[in-house]
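Engineer: Listed here are the chains, written in short residue letters.
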Amino acid sequence: MLFSSLTFIMIFLPITIGLYFLNKSRSYRNVVLFTSSLVFYSWGEPTYIYLMLFSIVVNYVGARIIHYYKEQENIKMAKIFLFISIFISLGLLGYFKYFNFMIDTLNIFVNNSLSFKDIILPVGISFYTFQILSYTVDVYRGEVGVQKNIITLGTYVTMFPQLIAGPIVRYSTIEDELRGRQETFKDAREGIQRFIIGLAKKVIIADSAAALVVSTLGHVGINNYSVGTSGVWIGALAYSIQIYFDFSGYSDMAIGLGKIFGFHFLENFNYPYISKSITDFWRRWHMSLGTWFKDYLYIPLGGNRKGNGRWYLNVFIVWFATGLWHGASYTFILWGLYFGVILVIEKIVLLKFLKKIPNVFQHMYALFVIVFGWIIFSANDLTHLSQVSKLAFSSVESDWTYIITNTNNFFFALCMIGLGIVGSTPIVKKCITKVNDGKLVYIYDFVIFMLFVACISYIISGSFSPFIYFRF
Amino acid sequence: MENRNKLFVIVFGIMFFCLPIISFVVQPPEKIPSQNRISVNISKFSVDSYMDGTFQTALEAGLKDRIVGTNKLRDFYYNTDTQVNLNLSKALSKTLGMNYVILNNSFYYDTENDFYNRLNMFTSNGSCDLQYSPEVLNQVTKYIEDSNVESENVYTFLIDRRRQIDPITKEFMYSKTTADTLNNCNSEYVKNYQNIYNIVEQDSYQDVLNVMIPSDNHWSATGNEKGYKEIEEVLYNDNVISTKYEVDKDYDMYESTYVGSLASRAFLSEPSYTDKNLKYQNLDGTPINLDMTYTLYDPLDFTTIYDWKTTYKEFEWQLFQNRLGYKSDRFINVSTNRENLPNVLLIGDSFDDRIYNDIALNFNNTTVLPTLYSDDIALNIEEFSKKQGIKYDYVIVTSLSPIE
Chain A
-16 MLFSSLTFIM
-6 IFLPITIGLY
4 FLNKSRSYRN
14 VVLFTSSLVF
24 YSWGEPTYIY
34 LMLFSIVVNY
44 VGARIIHYYK
54 EQENIKMAKI
64 FLFISIFISL
74 GLLGYFKYFN
84 FMIDTLNIFV
94 NNSLSFKDII
104 LPVGISFYTF
114 QILSYTVDVY
124 RGEVGVQKNI
134 ITLGTYVTMF
144 PQLIAGPIVR
154 YSTIEDELRG
164 RQETFKDARE
174 GIQRFIIGLA
184 KKVIIADSAA
194 ALVVSTLGHV
204 GINNYSVGTS
214 GVWIGALAYS
224 IQIYFDFSGY
234 SDMAIGLGKI
244 FGFHFLENFN
254 YPYISKSITD
264 FWRRWHMSLG
274 TWFKDYLYIP
284 LGGNRKGNGR
294 WYLNVFIVWF
304 ATGLWHGASY
314 TFILWGLYFG
324 VILVIEKIVL
334 LKFLKKIPNV
344 FQHMYALFVI
354 VFGWIIFSAN
364 DLTHLSQVSK
374 LAFSSVESDW
384 TYIITNTNNF
394 FFALCMIGLG
404 IVGSTPIVKK
414 CITKVNDGKL
424 VYIYDFVIFM
434 LFVACISYII
444 SGSFSPFIYF
454 RF
Chain B
332 MENRNKLFVI
342 VFGIMFFCLP
352 IISFVVQPPE
362 KIPSQNRISV
372 NISKFSVDSY
382 MDGTFQTALE
392 AGLKDRIVGT
402 NKLRDFYYNT
412 DTQVNLNLSK
422 ALSKTLGMNY
432 VILNNSFYYD
442 TENDFYNRLN
452 MFTSNGSCDL
462 QYSPEVLNQV
472 TKYIEDSNVE
482 SENVYTFLID
492 RRRQIDPITK
502 EFMYSKTTAD
512 TLNNCNSEYV
522 KNYQNIYNIV
532 EQDSYQDVLN
542 VMIPSDNHWS
552 ATGNEKGYKE
562 IEEVLYNDNV
572 ISTKYEVDKD
582 YDMYESTYVG
592 SLASRAFLSE
602 PSYTDKNLKY
612 QNLDGTPINL
622 DMTYTLYDPL
632 DFTTIYDWKT
642 TYKEFEWQLF
652 QNRLGYKSDR
662 FINVSTNREN
672 LPNVLLIGDS
682 FDDRIYNDIA
692 LNFNNTTVLP
702 TLYSDDIALN
712 IEEFSKKQGI
722 KYDYVIVTSL
732 SPIE
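Chains as they are written, first to last, in the numbering used here: chain A, -16 to 455; chain B, 332 to 735.
Read the hints as simulated data drawn from the structure, not as lab findings. Hints may contain errors.
What follows is a set of in silico ranges between Cβ atoms, one per label pair, in the way DEER data are often shown [said to hold, decoys possible]: (1) 381(B) / 89(A): 29 to 39 Å; (2) 376(B) / 51(A): 57 to 67 Å; (3) 282(A) / 356(B): 38 to 48 Å; (4) 274(A) / 348(B): 33 to 43 Å; (5) 378(B) / 54(A): 57 to 67 Å; (6) 356(B) / 22(A): 35 to 45 Å; (7) 159(A) / 378(B): 34 to 44 Å; (8) 342(B) / 30(A): 51 to 61 Å; (9) 338(B) / 163(A): 44 to 54 Å; (10) 378(B) / 103(A): 13 to 23 Å; (11) 89(A) / 423(B): 14 to 24 Å; (12) 54(A) / 381(B): 41 to 51 Å; (13) 376(B) / 282(A): 41 to 51 Å.
Note that the Cβ used here is the ideal one computed from N, Cα and C, for glycine as well.
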């Protein structure tokens, strides 16, 4: 189920909120959240709900056994069960997400003799697998207590606001709130506002920018000479706005919904496009994924404490995994490694240099690297990437008539991209804070209401547009 | 502050809860005028439909039509998009010193009145009536005059396109038929040429269901076959063709009930059918091979009232193509390699897409050209044919349709 669907807004959400607040018992409220989350998930994936439940049971049992052996101070057995839990969870992810990719890769060496399997990627598997792994590993590390109530654990894993496209919420973040939380009017108000703002980011800005992406990057390979060089870069800019507003819009909605139910998820974005370097960018973009890889892969591998050679290898592994996490495709791997290489270069030499040059050049450098990164990320395959890259670094004149006539509502898309650029900076937030704290507060509330009406009109009139991060 | 929080939550809470309740209590609109279709009902739940996801999709579609104020909200969306696009494109055109506007898959000359005419060209606007586009008539007349074919060798077929049907009343939204409209217009072409036939007449809603696809305004597989048979009959009776071929068309039909002539825009029902088994053969059973050639136009073959080659340096071919109408970038030649048969020039639009092969069965060479939608563009048939080596003994206008 999509947050930007009427089924969610008109049926699912009112019923869930109604049932939730009808009873004051904490455990009952968790049961409401758990069951409604299962309905939410099964709405789009009726077949694979068993897979998610299986994953919960495996990690619930695994964590309890690990905890038992830790109490017995039998670290070896705890480690074995940790390994088994991780193996099963990652095994499911590997099979459903990467099996056919592996076959495709192996076929290069065995002359296409291996056959593919008809596997459909379960929605949100990358997100919930990483969430549940963080719980099991943290239990092993002794950083969180073991959860004895499977419904409570299930509520954590399946909680519908963040189930399908993040942010990746650590168990430690909401451990206390799962047991006892305080739902307040203040949180509810902020949550509703955050949800509507996220909805507007998605349906008004991201979806409008998408139209320009289709007619530029999407047309490379079909009509290279019409798209031209400036067309590719405008398309890449449009994609940068689309993916940011799509994904951060989803995160806003997730955080907002969490607040309504009394949960406080950590922020997932912090104005990534105002970064001055790529190191800075990755501290601001999809922060929950970055910190997950840091805490559960990079540091266990040794981080930068074991010499330069090992550090290079660790960085390579982490960014290879980051790319692969996004999808079973060479372009995603390349995208991950691209950032890995740039981060190493920055750490060794570039950051020192960047600090010496004016801010504006630092921003320009970072934006160029980020936008080109999105070109890699958005490519359908390596052939498409090669075509787009060649065009991006050549001087083919763009046929703007072709681009305009092939873009649905070109000028509106352009407006929304302009709005997106402004919205990617803290300017809007500063204005909102000023209005929200002053006497104009009711005007802000009215604007939120109008934004909600506008979103509904876009939802019912526009065509189907799933979130980009759903496929991960 | 706490009071403000409470007030906000209560107001939005009421809205969140009342919106679905009111939407389900209040009678939903019967019709979605912006797409000229009946509104979608909320579908019934079944385990099978839930498991395969069709229930979820249908529910979402039903909710979109049922939500209170759905038509006003749609109008808000379309108006906002149109106004932003229109004003920005006008401003840009002026800045660049152009006298045309580019908008949504098309472009428009002379930023004022012409824009509005063309914007409404393919939009249902309620109870307006059919109007023959003078541009189309002028172009067809010019085609025929330039072709130097004897008038008795020119055949024009009108397709009845009282196509906008009110999905509620099942009444035609236009009172006149295509033939009525044509008879009342002052076209020299109509007055001077003789072989004009009205094919596949549709006098009732049921007639339309029989020949049109359910969510668009084109012929269905049945309509195509019927249309072709009527053309064949006319040509056979005039001894233009000597054989009535049996065309073995095994259609895969996915047609359902009529949902509205513009419903395909809402992606609610995708009209589709495929020819599973398309075979052409002589009466003795030997196959007839159709050699198809697609040739891109040379932009220089076309002339316009605007000297675009010198005046509008930025006037690109892509822009120009939009003025040509259907089959805008290439023309088609179908050859059966039977030199004892005559050659024919077909002029038409999307209606002849699925019948030109059938017509070509009866001729040696068949050339398919588009009906031009604008009278500021011309294609000199005589010169064009000489250049491309096109020969024809007959000219057939397969679909002379009004544009409402």
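Engineer: Does each hint hold? Answer for all of them.
Structural biologist: Here is how each hint holds up against the structure:
| no. | hint | in the structure |
| --- | --- | --- |
| 1 | 381(B) / 89(A): 29 to 39 Å | 37 Å, holds |
| 2 | 376(B) / 51(A): 57 to 67 Å | 44 Å, violated |
| 3 | 282(A) / 356(B): 38 to 48 Å | 57 Å, violated |
| 4 | 274(A) / 348(B): 33 to 43 Å | 38 Å, holds |
| 5 | 378(B) / 54(A): 57 to 67 Å | 45 Å, violated |
| 6 | 356(B) / 22(A): 35 to 45 Å | 24 Å, violated |
| 7 | 159(A) / 378(B): 34 to 44 Å | 40 Å, holds |
| 8 | 342(B) / 30(A): 51 to 61 Å | 40 Å, violated |
| 9 | 338(B) / 163(A): 44 to 54 Å | 27 Å, violated |
| 10 | 378(B) / 103(A): 13 to 23 Å | 19 Å, holds |
| 11 | 89(A) / 423(B): 14 to 24 Å | 52 Å, violated |
| 12 | 54(A) / 381(B): 41 to 51 Å | 44 Å, holds |
| 13 | 376(B) / 282(A): 41 to 51 Å | 49 Å, holds |
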